[in-house]
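Chemist: Residues per chain, in single letters:
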Amino acid sequence: MSTVVEHDQVLAIAQEVFAAMVDGDEGLLQPWPGELPVIEDAVVAWVDLHGPWPGRAELRTSGATANDLTRALLSLPDGEVVTSLDLVDAFGEVANVVGGNVKSLLPLQGSLGLPQVAPSAPAVPGARLVQELPLSWRGRPLVVAVWAFAQPALPEGTRLS
Amino acid sequence: MGLSPESFSFVADLVRRRSAIQLAPGKEYLVESRLLPLAREEGIVDVDAYVMRVRGGGREADLVRVVEALTTNETSWFRDSTPFGALRSTVVPAVVATRGPATRLRVWSAACSTGQEPYSIAMTLADCLPSSASFDILATDLSEQVLTRARAGHYSQLEVNRGLPAPMLVRHFARAGAGWEVAPQLRTHVTFRPHNLLDAPPAGGPFDVVFLRNVLIYFDLPTKRAILRRLRQVLRPDGALLLGAAETTIGVDDDWVRMPAGVGSIYRPVRPVPGAPAIPQPRTATWSAPTPAVPAPVLTRGAPR
Amino acid sequence: MRALVIDDSRTMRRIVSGALHPLGFETYEAEHGRAALDLLEDGLQVELACIDWNMPVMDGLTFVSEVRANPAWRSITLMMVTTESEQGQIVRALAAGAHEYLIKPFTPDAIRGKLDLLGLVAVEEHA
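Protein chains in written order, with the UniProt record's numbering: chain Z, 1 to 161; chain D, 1 to 305; chain X, 1 to 127.
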């Protein structure tokens, strides 16, 4: 039985996105060692997947970490104020790139919604958590999660996660 | 955080003894950038501290990894497209014109690293050889570690982004998880085998084409010459040698002639005169063999325009 | 040389433009395909367009088809720069007339590599 959305594949995607887009270097996004602390003042960036595999890819971290992520992406100097427009654009684009690559793991093509950023993502009844990866970006907690909104038709011999 | 002179000379010594590759002073940045990932794996942020630990520990496995890290070339598909343009526009048409369209072409990709070069050669030949022709590529490297990766033929998204034209990607690869995999059809043309350029040449020749790119730069002059001489033994008399953009045989070994091919050059062996030492050739010798009827060289650079 | 960078994310336009500047490009930006077409219709001349796929108002694939339908814009090299990475999507974009396809995420070096392949960057090693 093969798995459609494997833990290690989602980790590889997240690490590549951070290495290429955010950090310019590998190794700064790692699995979180041990139990993940509660994320204070959370910000969530997500994209929804439409089509035969409705679902969602999301990134969740603290407001302070999301601001630092935005500074890194926009090359803003330390301490420069990050506007909410900057945050939505930069953090949202990270979710967009992660989501697009997660979509490529799925056996049937769907389409990608536009990225959104908010203190929490709207709940979808019956949604099932497919993968949830507690990660450490430069020592700060960040969670990457993939959701399935409906039980998709799985090809024979495969399971979702 | 920098690399101390002692650490650099320890690494340079180790690499020279094991691979004959010279790391001259000034290559500290190379040592640092290649060893940083190994250091990080051990939870050490400082390359100098990592080298001191390897030195103190004296573990064979660590020493092998350091040598492999420094002797592996970063490769990126068609990023330097010149040699592949030469293969397509000059070498292949000449072979087909002399030997006919049903010929079998043998290529040696020496120091193939993680496989981008031999697979790129395979993609080029699959594209430009007549369907009646066939080809085999022998791909060798010193490092078992990179050969394992090369055989797997699995590349990450970031790796396929580096110099692989999109039309080639969709034709010769398939999505595999978060990355891409070389199509089985293309793999059948490539055989991977360990080989050290300081040893006798590999079996499988004589070759029509040898790719030896960005390898000679690591060796001292006598070693460069010895490698080129050994290579000549397995290259057909009408074969072609392709070097890296910044490399040449000129001033190293006089038994080669440089010929323009596309926007770059290829090197052909000088035909030995029976019973006489080879006559040194003028530096810009032109090839005087009968010119086959080939179309005007066309520099193809990826996508149709 | 001039390049038009089309992406609804300002962050991504910044990243793409930032990779093009050291290669000698002057860059112009648009946040969707329609805005980019407006710039071209107003007479902006570019050698290269880097195009996101998913954008509001007009998506990248539609933009590619529109540019290919106008002979006046035949000389523009079209490169998709997108997170859409299924094989079928790449085939669709190439069939619509895109010359190259760069999948996000990418390093600045990857942009340079693609432009080398397209003959849009002088390869100084052979100069």
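It is worth saying that the hints were derived from the structure and are not from the lab. It is possible that some hints are incorrect.
[Said to hold, decoys possible] Residues on chain Z that point at chain X, a partial pick, calculated with CB under 8 Å: (1) Ala20; (2) Glu35; (3) Leu36; (4) Asn67; (5) Ala72; (6) Leu73; (7) Asp78; (8) Gly79; (9) Val97; (10) Asn101; (11) Ser104; (12) Gln109; (13) Leu112.
[What the hints assert, rightly or not] Here are a few chain D residues that sit away from chain Z, every Cβ distance over 10 Å (derived from the structure): (14) Pro37; (15) Ser132; (16) Leu158; (17) Gly177; (18) Arg193; (19) Glu247.
[Said to hold, decoys possible] Facing chain X, from chain Z, some residues (calculated, C-beta under 7 Å): (20) Met21; (21) Glu40; (22) Leu76; (23) Gly100.
This structure is a prediction, so every number in the text was calculated from the model and none was measured. Glycine included, each C-beta is placed from N, C-alpha and C at the ideal position.
Chemist: Each hint should be assessed against the structure and marked as holding or not.
Modeler: How the hints compare with the structure:
no.: 1; hint: Ala20; in the structure: holds (4 Å)
no.: 2; hint: Glu35; in the structure: violated (29 Å)
no.: 3; hint: Leu36; in the structure: violated (24 Å)
no.: 4; hint: Asn67; in the structure: violated (14 Å)
no.: 5; hint: Ala72; in the structure: violated (10 Å)
no.: 6; hint: Leu73; in the structure: holds (5 Å)
no.: 7; hint: Asp78; in the structure: violated (18 Å)
no.: 8; hint: Gly79; in the structure: violated (19 Å)
no.: 9; hint: Val97; in the structure: holds (5 Å)
no.: 10; hint: Asn101; in the structure: holds (6 Å)
no.: 11; hint: Ser104; in the structure: holds (4 Å)
no.: 12; hint: Gln109; in the structure: holds (6 Å)
no.: 13; hint: Leu112; in the structure: holds (5 Å)
no.: 14; hint: Pro37; in the structure: violated (7 Å)
no.: 15; hint: Ser132; in the structure: holds (37 Å)
no.: 16; hint: Leu158; in the structure: violated (5 Å)
no.: 17; hint: Gly177; in the structure: violated (5 Å)
no.: 18; hint: Arg193; in the structure: holds (29 Å)
no.: 19; hint: Glu247; in the structure: holds (29 Å)
no.: 20; hint: Met21; in the structure: holds (5 Å)
no.: 21; hint: Glu40; in the structure: violated (24 Å)
no.: 22; hint: Leu76; in the structure: violated (11 Å)
no.: 23; hint: Gly100; in the structure: holds (3 Å)
Checked against the numbered hints listed earlier, the structure breaks hints 2, 3, 4, 5, 7, 8, 14, 16, 17, 21, 22; every other hint is satisfied.
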